[in-house]
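Chains A and B, in that order, give the protein sequences. According to the numbering used here, the stretch in the first sequence is residues 1 to 227, in order. According to the numbering used here, the stretch in the second sequence is residues 1 to 201, in order.
Calculated from the structure, these hints are not laboratory results. Some hints here could point you the wrong way.
Said to hold, decoys possible - In silico DSSO-like links for lysine-lysine, alpha-carbon gap of 27 Å or less:
no.	chain 1	residue 1	chain 2	residue 2
1	A	Lys45	B	Lys50
2	B	Lys113	A	Lys45
3	B	Lys50	B	Lys195
4	A	Lys93	A	Lys51
5	A	Lys51	B	Lys12
6	B	Lys12	B	Lys53
7	A	Lys117	B	Lys167
8	A	Lys117	B	Lys16
9	B	Lys200	B	Lys94
10	A	Lys93	A	Lys45
11	B	Lys50	A	Lys51
12	B	Lys26	A	Lys45
13	B	Lys92	B	Lys118
14	B	Lys92	B	Lys106
15	B	Lys26	B	Lys168
16	B	Lys50	B	Lys168
17	B	Lys139	B	Lys50
18	B	Lys106	B	Lys168
19	B	Lys168	B	Lys200
20	B	Lys195	B	Lys12
21	A	Lys93	A	Lys174
22	B	Lys200	A	Lys117
23	B	Lys106	B	Lys94
24	B	Lys118	A	Lys45
25	B	Lys200	B	Lys53
26	B	Lys167	B	Lys26
27	B	Lys167	B	Lys195
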Amino acid sequence: MIEWLKSVISDPGILSAIEVTFTMAVCSTAISSVLGIMLGLLLEKFQFPGKRIIVRMNRTLMGVPPVVVGLVVYLLIMRRGPLGPLSLLFTIKGMVIAQTLIITPIICGMIYSYARKAAPGIRVFAVTMGASRAQSVLLTIREMRREIYFCMVTGFGRSISEVGAVMLVGGNIKGRTRTMTTTISLLKSQGIFTEGVALGILLLVMAFILQWVCDMLQKEEEQDENY
Amino acid sequence: MRITDLEKTIGKFCLKVDDLYIEPGKIHGIVGPNGCGKTVFLKTAAGILKPDKGSIDYEGLTSREITMMFQRPYLMDTSVYQNLIYPLTIRKIKPDEAEVDRMLEKVGLLGQKKQYAKSLSSGERQKLSFLRALIFHPKLIMVDETLSNLDPESEELFEEMILEVQKKEPVTWLIVNHQLDHINQICYQIHHMEKGRFLKS
């Protein structure tokens, strides 16, 4: 079995798919994390008219089908689209844009929910300690670090497992924009199941490792005396 | 500290303080029935809640010299030691390790110095929060029933430590208590509250 997996992975086409998947996932998770964490914390901190509608929109976007986002991004960056001249269609950059639009609302929404529970208490504590505004923000981020890691891991998981948007925007071009998931989809349509299954196993292993990282982060969590 | 014409409304509750003078460097107790506004008053006086009206004259104290302790103290997601020195960390003061150990020893937390703070029992949490408030030498300390719900021994220890602080460098204490708390005995003045107002003492 291991030999078989090895032979599959050593195929240059598959290797490139793994590389593309990781490049895309790391970039889109990084950008989405920065945006999502910032937006989530800002949304919690400030009260403004229309906030409830924004929160509701955020929740809606958290569940939007990726393929819809893919279609919208495709229309924007296709040659005759408004962003056509940037020639982002069928590139990893284009895929990262689509994934960022999918993952940012998820991270933002999760951070907002966590922050609503934790941040007010942290801010009051910071005031009683005489912390400055910047120190208070820093403390909030530090106190929420486990939740932040968790959101990032979730975002990464979304990114590597996504097919629809990546297929539409990336075009599934061998060696350039073909990812692990789009490879599986293609292999299946060609009736080549063994390599598809091998890639599936690889993705599962990656999901397991992510799950394991999450678990380690959660383990140290507070043992509240009320439980 | 002088508070004049202070008003703070939260929902149906209204806190109203016409004129209250808190003599500096003394221990003041605040007593009153549940829901009479003691906590709202403390939070407003500590600058956590913004008053709707009126003013508080801190007589030259800055917000960095004022602290407040809660009944359920907030503990940071780190060790007992890091929690204790946090006020020093944000002031970029290097902690005096011998002094830190002496303080922890005094309340019996020295053994838990490196332990994860959130694993402490509620009594230990209050002790840690008490030390954390003392470590940066504030000039005005507000205590929200932290000293209630303690066992008699700990209560005595806290009283002893408060008096020790007062001997070295007098601090203004505003302590919310229950009517029958032992600690009222060390208070210089007891202020009675009812329905959001202070009664003449």
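Here is what the structure says about each hint:
With a C-alpha separation of about 16 Å, the suggested pair lysine 45 (chain A) and lysine 50 (chain B) falls inside the 27 Å cut-off, and the hint holds. Annotation: proposed proximity of lysine 113 (chain B) to lysine 45 (chain A) is violated, straight-line Cα distance about 33 Å (limit 27 Å). The suggested pairing of lysine 50 (chain B) with lysine 195 (chain B) holds, with an alpha-carbon distance near 19 Å, which does not exceed 27 Å. A hinted pair counts as satisfied when its Cα atoms are at most 27 Å apart, and lysine 93 (chain A) with lysine 51 (chain A) does not qualify at roughly 31 Å.
About 25 Å separates the Cα atoms of lysine 51 (chain A) and lysine 12 (chain B), which keeps this hinted pair within 27 Å; it holds. For the hint pairing lysine 12 (chain B) with lysine 53 (chain B), the CA-to-CA distance comes to about 16 Å; that is within 27 Å, so the pair holds. Distance check on the hinted pair: lysine 117 (chain A) and lysine 167 (chain B) sit about 41 Å apart at the alpha-carbon level, beyond 27 Å; violated. At most 27 Å may separate the alpha-carbon atoms for a hinted pair to count; lysine 117 (chain A) and lysine 16 (chain B) exceed this at roughly 30 Å.
At most 27 Å may separate the alpha-carbon atoms for a hinted pair to count; lysine 200 (chain B) and lysine 94 (chain B) exceed this at roughly 45 Å. Note on lysine 93 (chain A) and lysine 45 (chain A): the hinted pairing is violated, with a Cα-Cα distance of about 32 Å set against a maximum of 27 Å. Distance hint between lysine 50 (chain B) and lysine 51 (chain A) is fulfilled; the C-alpha atoms sit about 22 Å from each other, no more than 27 Å. In summary, the hint linking lysine 26 (chain B) to lysine 45 (chain A) is not supported, as the alpha carbons are separated by about 37 Å, beyond the 27 Å threshold.
For the hint linking lysine 92 (chain B) to lysine 118 (chain B), the alpha-carbon distance of about 24 Å falls within 27 Å, and the restraint holds. At roughly 25 Å between alpha-carbon atoms, lysine 92 (chain B) and lysine 106 (chain B) fall within 27 Å of each other, so this suggested pair holds. A distance of roughly 13 Å separates the Cα atoms of lysine 26 (chain B) and lysine 168 (chain B); the hinted pair therefore holds under the 27 Å criterion. Simply put, lysine 50 (chain B) and lysine 168 (chain B) have alpha-carbon atoms about 32 Å apart, too far for the 27 Å limit, and the pair is violated.
Only pairs whose Cα atoms come within 27 Å are accepted, and lysine 139 (chain B) paired with lysine 50 (chain B) is accepted, the gap being roughly 21 Å. Only pairs whose Cα atoms come within 27 Å are accepted, and lysine 106 (chain B) paired with lysine 168 (chain B) is accepted, the gap being roughly 17 Å. Restraint check: the Cα-Cα separation between lysine 168 (chain B) and lysine 200 (chain B) comes to about 31 Å, which exceeds 27 Å; the hinted pair is violated. Our distance criterion of 27 Å between C-alpha atoms is met by lysine 195 (chain B) and lysine 12 (chain B), whose separation comes to about 11 Å.
Proposed proximity of lysine 93 (chain A) and lysine 174 (chain A) is supported: the alpha carbons are some 16 Å apart, at most 27 Å. For the proposed pair lysine 200 (chain B) and lysine 117 (chain A), the alpha carbon gap of about 39 Å is over 27 Å, so the pair is violated. Using a Cα cut-off of 27 Å, the hinted pair lysine 106 (chain B) and lysine 94 (chain B) holds, with the two alpha carbons roughly 21 Å apart. Distance restraint check for lysine 118 (chain B) and lysine 45 (chain A): the Cα-Cα separation of roughly 25 Å lies within the 27 Å cut-off, and the hinted pair is therefore satisfied.
With a CA separation close to 21 Å, the supplied pair lysine 200 (chain B) and lysine 53 (chain B) stays within the 27 Å bound. At most 27 Å may separate the alpha-carbon atoms for a hinted pair to count; lysine 167 (chain B) and lysine 26 (chain B) meet this at roughly 11 Å. Using a Cα cut-off of 27 Å, the hinted pair lysine 167 (chain B) and lysine 195 (chain B) is violated, with the two alpha carbons roughly 35 Å apart.
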